[in-house]
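Residue numbers (the working numbering), protein chains in the order written: chain X, 571 to 814; chain H, 571 to 814.
Hints are not guaranteed to be accurate.
It does not matter which identical chain is used: a pair holds within one copy or between any two.
[To be verified] Computed cross-link-like contacts, SDA-like style, restricted to lysine to any residue with a CA-CA straight-line distance of at most 20 Å:
#1 592 - 727
#2 592 - 609
#3 782 - 672
#4 800 - 769
#5 782 - 678
#6 606 - 573
#7 606 - 660
#8 782 - 734
#9 592 - 724
#10 806 - 760
#11 806 - 682
#12 806 - 740
#13 592 - 759
#14 606 - 634
#15 671 - 707
#16 782 - 705
#17 592 - 605
#18 606 - 665
#19 806 - 670
#20 606 - 589
#21 592 - 723
#22 782 - 677
#23 782 - 653
#24 671 - 812
#25 671 - 712
#26 671 - 811
#27 592 - 606
In case anyone wonders, no lab produced these hints; they're calculated from the structure. All values derive from a computational prediction rather than experimental measurement.
2 protein chains.
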Amino acid sequence: MTEPVTAAMLAIGDELLSGRTKDRNIGYLADLMTLKGIDLKEVRIVADETAAIVEALNALRARYTYVFTSGGIGPTHDDITADAVAAALGVAIGHDPRAMKLLGDHYASRGLEFTDARQRMARIPDGADLIDNPVSIAPGFRLGNVHVMAGVPAIFQAMLDSVGPTLAGGVPLLSRTVECPFGEGDIGGPLTEIQRAQPDTAIGSYPRFDGKRYSTQIVIRSRDAAACEKAEAAVKDMLTQLRG
Amino acid sequence: MTEPVTAAMLAIGDELLSGRTKDRNIGYLADLMTLKGIDLKEVRIVADETAAIVEALNALRARYTYVFTSGGIGPTHDDITADAVAAALGVAIGHDPRAMKLLGDHYASRGLEFTDARQRMARIPDGADLIDNPVSIAPGFRLGNVHVMAGVPAIFQAMLDSVGPTLAGGVPLLSRTVECPFGEGDIGGPLTEIQRAQPDTAIGSYPRFDGKRYSTQIVIRSRDAAACEKAEAAVKDMLTQLRG
Chain X
571 MTEPVTAAML AIGDELLSGR TKDRNIGYLA DLMTLKGIDL KEVRIVADET
621 AAIVEALNAL RARYTYVFTS GGIGPTHDDI TADAVAAALG VAIGHDPRAM
671 KLLGDHYASR GLEFTDARQR MARIPDGADL IDNPVSIAPG FRLGNVHVMA
721 GVPAIFQAML DSVGPTLAGG VPLLSRTVEC PFGEGDIGGP LTEIQRAQPD
771 TAIGSYPRFD GKRYSTQIVI RSRDAAACEK AEAAVKDMLT QLRG
Chain H
571 MTEPVTAAML AIGDELLSGR TKDRNIGYLA DLMTLKGIDL KEVRIVADET
621 AAIVEALNAL RARYTYVFTS GGIGPTHDDI TADAVAAALG VAIGHDPRAM
671 KLLGDHYASR GLEFTDARQR MARIPDGADL IDNPVSIAPG FRLGNVHVMA
721 GVPAIFQAML DSVGPTLAGG VPLLSRTVEC PFGEGDIGGP LTEIQRAQPD
771 TAIGSYPRFD GKRYSTQIVI RSRDAAACEK AEAAVKDMLT QLRG
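Model the full assembly from the supplied sequences, consistent with the hints where possible.
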């Protein structure tokens, strides 16, 4: 049995907590982690406050294989993620020559001034690798197990797509979904028995409510193909009996 | 100056971390908190694991005025939130007579068996108040400053709507939004000056990218109406000068 590969996400931004912006990055990261066999174990959302970012980041990076952050790496005064990450990891931060060149060339080619604000986006903690940003050039970065990415969904996704191939994946989680026309109240008892009989699987049931009645999706997850099949067969038997 | 009223959310569910379900409750809660003048300070998402729920809940309930949880209060074996909340708060849990009557009457009126699984939904920690569930009857509950609600968005929202009037709101946060045709790189410098001159406001800038160019929404937030107006006027002056 290989060690499971784990991940956490830290989404940073007042706008997520005020309701102004509805997050779309968590789900995107979750889908990619599942595809790679990496267990996303925890997500936190915090405000643009140095102390909150530092505390959450240090808790998460000590505990999980990978940490991914979103938000707070733009050119304005409220973009403090890079400085907070440097503080959390105890390293210096300054204008990174690689990022200065990328951004300087980019703005020069567009005839735009490379303002102090724009130069803020070249602030990268010492020792970090840059993460490519094909959308708007200003790079993210990786330092240790922490991957720092933009909050704008199109850019977050592009950065994550470029990070993806560098991640060591785990054994992919197998997943079988069984559509169930009964509500959880009807299946809860027998499903508990199936879960007990198949401890190497994690069986989840997800109710849907159409305004009048419930149905359920039953999802069996396991890294063990035989256990997954046995549990799926048991769930299907259960449905046959309930249809009676 | 009155003490700020703060809140945190704990969303519980493997399905949120696997990507199978994309959360829609965080944004709904965030909007309501903003409306009530309550500062939503932190959100965490954890799996259906007792240890993870207990740790996150104890961290959040000690720190914020209110905690709201979503998910894990249905009738199946993976619905462990009520038991985890009881463990976190160090109280006993059992089948609550009020919830048993609500659910018993409900299933009787529909000619459905009140199965052991359905009775699981009446497990409520000792000393808790019930939270009304007009959608599917099975109640949420409040214990201390912790509000435990369902994960199905229609039910989460209905429960939160019934909890809303019981919450002590803070001084509502005033918010002014200025649409800005310039990207953050153009406004970052002058905006920093405006923020410095108006320390009683929090000025955020939120980039939008249409695939070709950036524009920005500038949002000024404050509990002080005069400061808010001054900052808004300064931002508008800045735009006039940039349009030059």
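Please work out whether the CA atoms of residue 671 and residue 712 approach to 20 Å or closer within one copy, between two copies, in both situations, or in neither? Within one copy, since 18 Å is at most 20 Å while 55 Å is not.
My question is about residue 606 and residue 573: at a cut-off of 20 Å on alpha-carbon distance, are they close within one copy, between copies, both, or neither? Result: close within a single copy only, 14 Å intra versus 46 Å inter.
At most 20 Å between alpha carbons: which applies to residue 782 and residue 677, within, between, both or neither? Only across copies: residue 782 and residue 677 sit 14 Å apart there, 57 Å inside one copy, limit 20 Å.
How would you label the pair residue 671, residue 812 (within, between, both, or neither) given a Cα cut-off of 20 Å? For residue 671 and residue 812, neither the intra-copy (66 Å) nor the inter-copy (26 Å) Cα distance is at most 20 Å.
Taking 20 Å as the upper bound on the Cα-Cα distance, should residue 592 and residue 727 be classified as within, between, both, or neither? both (16 Å within a copy, 16 Å between copies)
Taking 20 Å as the upper bound on the Cα-Cα distance, should residue 782 and residue 678 be classified as within, between, both, or neither? Between copies only: 17 Å across, 60 Å inside.
Regarding residue 800 and residue 769, is the shortest C-alpha distance of 20 Å or less found within a copy, between copies, in both, or in neither? within (11 Å within a copy, 62 Å between copies)
As a check of your reading, is residue 782 near residue 672 (CA-CA no more than 20 Å) within one copy, between copies, both or neither? Intra 56 Å, inter 18 Å, cutoff 20 Å: inter-copy only.
With identical chains treated as interchangeable, where does the CA-CA distance between residue 592 and residue 605 reach 20 Å or less: within a copy, between copies, both, or neither? between (24 Å within a copy, 16 Å between copies)
How would you label the pair residue 806, residue 760 (within, between, both, or neither) given a Cα cut-off of 20 Å? Only inside one copy: residue 806 and residue 760 sit 11 Å apart there, 64 Å across copies, limit 20 Å.
20 Å Cα cut-off: does residue 606 pair with residue 665 within a copy, between copies, both or neither? Cα proximity of residue 606 and residue 665: none, with 34 Å in one copy and 41 Å across.
Intra- versus inter-subunit Cα pairing at 20 Å for residue 806 with residue 682: Answer is neither: 63 Å inside a copy and 22 Å across each miss the 20 Å cutoff.
Figure legend: structure checked against the earlier numbered hints; hints not met, in rising order: 7, 8, 11, 12, 13, 18, 19, 23, 24, 26.
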